[in-house]
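Chemist: Chain A is fixed; fit chain B onto it per the hints.
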Amino acid sequence: MSTDTSPSAADAPTTPAGKAADYLDQRTSVGGAVKEFARKVFPDHWSFMLGEMALFSFVVLLLTGVFLTMFFDPSMALIEYHGDGPEAMQGQLMSVAFASTLDLSFEVRGGLLMRQIHHWAALVFMASIVVHMMRVFFTGAFRKPREINWLVGTVLMILGLAAGFSGYSLPDDVLSGNGLRITDGVVKSLPIIGSYLSYFVFGGEFPGEHIIPRLFTVHILLVPALILALIGVHLFLMVLHKHTQYPGGGRTHKNVVGYPLFPVYIAKMGGNFFIVFGILALMGATMSINNVWNYGPYDPSPIGAGAQPDWYMLFLEGSLRLMPGAGTEWVIFGYTLSLNVLIPAVVIPGLLFTFLFVYPFLEARVTGDKREHHVLDRPRNVPVRTGLGVAFLTAFVILALAGSNDLIATHFAMSLNQITWAFRILFFVGPVLGFWITKRICLGLQRKDRELVLHGHETGRIVRFANGEYIEVHRPLDEQERWLRVNYDAHKPLEIEPATDARGVKRPGYKKDKRWQKLSRFFYEDRVEPVTPAELAAAHSHGEHDEVESAQHSPELVSGAENADREH
Amino acid sequence: MSENQNTPGRDVTAPNAAAHPERFDDPGVPAHRSRLTDVDPKAAKRNERLIALIFGISCVGAIASIVVYFAVRPDGTTAGTRLSTALLGTTMAISLLGIGIAAIHWAKSLMSDHEHVDERHTLASSPEVREVAVQHLADGVEDSGIARRGVLKGAAVSALALFPLTFAVPLISSVGGDWNVSKFRHTIWERNKRLAYDPSGRPIRAADLTVGSAAHVIPEASQEEMRSHEWITEKAKAVVLLVRLNPEDLRSDQSPEGETWSYDGIVAYSKICTHVGCPVALYEQQTHHLLCPCHQSTFDMADGAKVVFGPANRPLPQLPITVDDEGYLVAQDDFAEPIGPSYWERLK
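Protein chains in written order, with the working numbering: chain A, 1 to 568; chain B, 569 to 916.
Bound-form chain A, shown alone (with noise of 0.2 Å):
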């Protein structure tokens, strides 16, 4: 090694791509970062492009969004339109802002293009990044080291809403003013500061003439500058935790198995961006998106039914149409306590997020787990996250739906009323429901599992022994498919010290221990173990009447074993 600071002589770079690269590496030491990442091994599987595909979105959304605000103009200012738009539109007093988004859907060439597109990408950005929380959350991926990577996401999500909503209302339309009138409803049944607020948000009372300029600072500027900076975050973390692997065999927590960066994911993400930016564009050419010329410009009386907000919003608004009204506005010392407005808005959203944001801080606390987790978690071995995930998008569905109830009303020929009232019970229904059929189902598929391993696979083929017994020959499982089988933990509810120490002392604390242990019971009580050697041993041994040795740690399933044993 010299001690000179630019290579030897002998080493200098004579091809014009290794002088760039000399050059390069001289004023910005490139080289460690190639060194570092060309060949970084990324794990291959189809749902590591979920997020992909939001951020991929997100691109799209700032490349045609860029393209539209070189022809929107945000301004309230008010005239009569004439101008390339329909027919029904010409003299018609609109905002600036309504009347540039008609000159930009029909005067400018693929304005209407990209409007469609930037659409459709803000939906599909939205859609990506709930799958891939998806993703996130039953696989467990949210585990040590990656808790804090888990709230940047939810951040994210709770940012996607915020752009998706901003935008959204830009065109100043009918259906977009009385979003935020309801907005406006919203923010006033604060209790205390909500009229103040209310002003905060529109300059004065709504609608006024700031909200739409104000809109666009925050939807052009303020979100996606913060979106960017947590993009940024995110990824920094994910490339330092390195990716986290299906569970297979030679994937440890140790290590990190499938292809290199370059070329192999070079390739495969950068075809995903175009795949997903060509969905899009095929999506803005052939289906139209929130026509605004079919609404009309705002104008604070008229109001259309049937009208829905974007699909991320529709769990509020079936939140706000749930709730009753009767008896829920208290009055206290004068001051009006708006709770059947609170509850749905603020209330339910707010436990929906909290719930999301505590989850890997309340999982790792019950399982009494200090580990790094690198290899995912199949759903099925740990039924009551997989449950809870269920059970929190069961409400979100139901929400969803009971937002679109009075197109199920009329599509349906059916009673609103009813409708709702059957979505008020199945809120609260649903969701049990839906944890305690997914956990039933998780523990049916563990116990597959382990029958799988214990007898193999049917083979369908029937031999008659001498003495007359029949019996259908089961294929062994292979190694690797075994080791998919039986390479999980089956965490056990917290142990505790006892209440008192060994002179009878009471212990402080152990109120607060025996609750965590309560909770850590709902989580881990029924469990079912992986096969061990010793097991698959016994199974082996065909001696009709061996009793399964281990099984006695999980009872239910010795029935279950000498069942399975009887049918050889």
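Honestly, I wouldn't trust all of these hints.
As the list claims (entries may be wrong) - DSSO-like, lysine-lysine: derived pairs with alpha carbons at most 27 Å apart:
#, chain 1, residue 1, chain 2, residue 2
1, A, Lys-254, A, Lys-492
2, B, Lys-676, A, Lys-242
3, A, Lys-40, B, Lys-676
4, A, Lys-35, B, Lys-916
Claimed, not checked - Derived coverage of chain B by chain A (criterion: at least 3 residues anywhere in the stretch with Cβ under 8 Å from a Cβ of chain A; other residues may be distant):
#, segment
5, 688-696
6, 847-861
Rather than coming from a laboratory, the hints here were simulated on the basis of the structure.
For glycine and all other residues, C-beta sits at the position ideal for the given N, C-alpha and C.
Modeler: Below, chain B alone, put in the same frame as chain A:
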């Protein structure tokens, strides 16, 4: 996973006298399975040609997009714009999807699919590193003298805590306009203000309303007045839904003792929902029910606009009306209570 690696008869864990391990052993990364393109050069060549073809289609799409841009000019009709949008978008999609599909197919069929293994390293810094880090911080604290100089610390913290006010006070004092939230209480309705049709602004004669009819109502104003933000903001509070019922169908309204707020079966209620403020616009003539299309609060127009279903809690406020000398409907006064959604100081 490959299920034919082990022959069916092979039993890797046949029982024996030796003690069994507690857990199974990791069998290691599965053996690489060659793809057709790995073993058959013809297949590889075929795929190479296919990928090149798809890239080629992408080029065609991009060029077609430019051709479409210049060739298909929108003719000013909605259909023309739609055609241009569909062609521009489809050719764009061909260009993009071509690149995406070709790149991914290249990666999957021709690039090496031998699995690599990287080691992970513990994230936590080593005890030595932590020790040095803590020492550096301690040295920094020592150098700054912040621990010893209490007054300095207090002064610095105060300055840092106060400076955001220089930014926040001007922002907050201006951002809410005049902050006069008592405007929620009043609308532009006043004694003898005529009721007019929305949006024409034509005053309404009581005699012109047939029984069973409903009308969207605004306060009478000149066309000039209506072309301003002040008007839109006032209209947002003042809109009214008026219904003429058979006087015997009108079970009740909100008139206090000794006053009559309706006129000959004509009742006028605020159109702004008491839930979160949507315009309540769907009137059902048979049941006299008024339905809010946003959250389905339902009000009974024949019974004081009481809530019969949905998330609203309070009846819609009634606008007291009568007729003037010329037979036009006029307001007796402003609404007796704030219209629209509830807020904290509504009753104060």
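Chemist: Indicate, hint by hint, whether the structure satisfies it.
Modeler: Results for each hint:
no.	hint	in the structure
1	Lys-254/A / Lys-492/A	holds, 24 Å
2	Lys-676/B / Lys-242/A	holds, 22 Å
3	Lys-40/A / Lys-676/B	holds, 18 Å
4	Lys-35/A / Lys-916/B	violated, 70 Å
5	688-696	holds (count 3)
6	847-861	holds (count 4)
Hint 4 from the list above is the single one not met by this structure.
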